[in-house]
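> So the chains spell out like this:
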Amino acid sequence: MSASTAVRVNWLGSARVLVRLAWARTGGTLLVTGLVVLLLLPMVFAMIFASRGSLSGDPVEFLVRSYDSLLGGMATPLIALLLGTSAFSAESEDGTLLYLVTTTTPRWWIVLVRVCFAAVLTGALSALAVWGTGTLAAGSSDPEGVTTAYTVSVFFGGFTYAALFTALALFTRRALVSGLVYVLFWEGALSDLFPALQYLSVRQWMRGIAAPLTSADTPADLPSVTYALVAASLLVLVTVYTGGRKLHGPRISRMGT
Amino acid sequence: MSHPALVFENVSHWYGDVVAVNDITATVDAGITGLLGPNGAGKSTLLQMAAGLLPPSSGSVRVYGEVPHERPQIFSRVALVPEREALPGMLTARAFVEARATLLGLPDVRLAAARALDQVEMASAADRPVQEFSKGMRQRTKLAAALVHEPSLVLLDEPFNGLDPRQRLHMMQLLEQRADAGVAVLLSSHILEEIEGVAARILVMLSGRLAASGDYRALRRMMTDRPHTVRVRASDVRALAARLVADPIVLGVEVDADALLVRTTDYAAFSRHVLQAAMGLPYGAASPASSPHTPPAVPITLLGIEPTDESLEHVFAYLVEHR
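As they're listed, the protein sequences go chains A and C.
According to the working numbering, the first sequence is numbered sequentially starting from 1.
According to the working numbering, the second sequence is numbered sequentially starting from 1001.
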């Protein structure tokens, strides 16, 4: 008698279950409050900008600055951090991860679904904030295609950050702290100071994606679109592969009580 | 060719410098096998290796002839019930068991979940969120989630924790039914009485090693027939020692400050004999000896009698020395 009899995988059904379990972990009051604050912040600035009329200055310049610093530099990575780490970290901590990894569902599929969940949610929420900020600051027009460019950019960033932070949740016990250090220290300070590091910064890749899609002035010497796409794809692949392998022997705080 | 459900062959596992499991060789097949040992003996590590969640540092683990590590397919026939009570609290018991059935790729998720919940007597509470459940209900929900795909090898880590006597009996009956149907069950416990009468075969672990294995009754006899050490406190320990040394069931007496440490082969009989000795009665007599030549013995006040080596660790240590 062999253990490896033909195993049926319910791809869609298992994805629904994995998303449902992840969704339940994102419903915490603190997490939702954090998400709302991050999303509302650029919109509040846009309302202030719009309320001052022509005294506020060029709306394109304002939007590029808001999208680049408040959304690309803060909201998108932090939302991805909260969503990418919440499910796996909590499940590792309370031991319920065991119920996922003692099934026949392929491990890489578990990781991929969780990355997609965090990515789609991060991208959608960030895009909502981009659209809200653009509408509040510049009305229904999209001057110099800046809102469209940054919508694409935050979707790209959502996927990339989600993969990165999902990997952190699987491989470290302090995923949230490690992620914050990356966002605030590596991306916020070092990658701006040392141009060579921009090739290892998701934020710079996001800028690289947005720059050719808008005629507005954007920072110079950014990674190319090709580089950003290849690097992000590699990051997602590495996360799914290594994360899947990690789930064969997951870090669970204790199997016993 | 038919393979045994689970085979450990010289299996060891260590975490850094700490050896959790040390050179274990054992086979588990259809029927119930108890994995007995004190906390920290390495039972959970052994179960995790059996489920393929941990690779052995040395030796080999085989589930139906295959290495289980990094092979999720084995879970089509294997179930692991962890000791931890944690369950996704926001789900109902039914949703949780259905989620497991889906992740296990079962064709009729609803039917399988309903059947499993019914088996563990959780059908009536199936639509309540698990965060409202008592410890016993959580245990049963975990068991339903494990049995939902009717596995042929079930690994249970301390499954009786938190169950009241009726629930315990029901779980035992359920496991016995599965065993009778040809399922191999390996259940761990640190309490001998918990698996008394359930497991026909027992593996005893102590400090990561297999201290003893075999038929339950033979091991039970070894555990109860062993010498006991009893600490007796009395108003005059030396006088009491002089009376006790004559008792054939007493192997030795040692004066330890204000108490006696008595080694005996029969703890139950000793409990009676020490009372008689304190009262100055000969063993088996109901009243003091009335020989005109011997002065009546002065009664001694007993202040306390307690066994010093009743912990499971002592029992297991004895087994290790005498196997």
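Hints were generated in silico from the structure; no laboratory data involved.
It is possible that some hints are incorrect.
[To be verified] Derived DEER-like restraints, expressed as beta-carbon distance ranges:
1) A/H248 with C/A1257: 49 to 59 Å
2) A/H248 with C/N1010: 52 to 62 Å
3) A/R174 with C/A1218: 43 to 53 Å
4) C/P1165 with A/E93: 29 to 39 Å
5) C/E1070 with A/E93: 16 to 26 Å
6) C/L1111 with A/T29: 50 to 60 Å
7) A/V9 with C/L1174: 52 to 62 Å
[Claimed, not checked] Computed footprint of chain A on chain C; a stretch qualifies when at least three of its residues, placed anywhere within it, have a C-beta under 8 Å from a C-beta of chain A:
8) 1010–1020
9) 1045–1059
10) 1083–1095
11) 1099–1105
[What the hints assert, rightly or not] Among the chain A residues that face chain C by a calculated CB cut under 10 Å, a handful are:
12) S14
13) V17
14) A24
15) R25
16) G27
17) T29
18) T102
19) T105
20) D221
Think of the CB as a built atom: it goes at the ideal place given N, C-alpha and C, for glycine as much as any other residue.
> Could you run down the list of hints and mark each one as holding or not?
Hints, one by one, checked against the model:
1. A/H248 with C/A1257: 49 to 59 Å: holds (57 Å)
2. A/H248 with C/N1010: 52 to 62 Å: Because 22 Å falls outside the window, the suggested range is violated.
3. A/R174 with C/A1218: 43 to 53 Å: Since A/R174 and C/A1218 have Cβ atoms about 50 Å apart, the given range 43 to 53 Å holds.
4. C/P1165 with A/E93: 29 to 39 Å: Cβ of C/P1165 to Cβ of A/E93: about 33 Å, so the range 29 to 39 Å holds.
5. C/E1070 with A/E93: 16 to 26 Å: holds (24 Å)
6. C/L1111 with A/T29: 50 to 60 Å: Once the Cβ atoms are compared, 37 Å apart, the range 50 to 60 Å for A/T29 and C/L1111 is violated.
7. A/V9 with C/L1174: 52 to 62 Å: violated (29 Å)
8. 1010–1020: violated (count 0)
9. 1045–1059: The restraint on the segment 1045–1059 of chain C holds, since 7 of its residues have a Cβ under 8 Å from chain A and three suffice.
10. 1083–1095: holds (count 8)
11. 1099–1105: Result for this restraint: holds, n = 6.
12. S14: holds (5 Å)
13. V17: holds (5 Å)
14. A24: holds (5 Å)
15. R25: holds (9 Å)
16. G27: holds (8 Å)
17. T29: At 14 Å from the nearest chain C Cβ, A/T29 fails the 10 Å test, so the hint is violated.
18. T102: holds (5 Å)
19. T105: holds (5 Å)
20. D221: violated (44 Å)
Hint violations for this structure: numbers 2, 6, 7, 8, 17, 20, all remaining hints satisfied.
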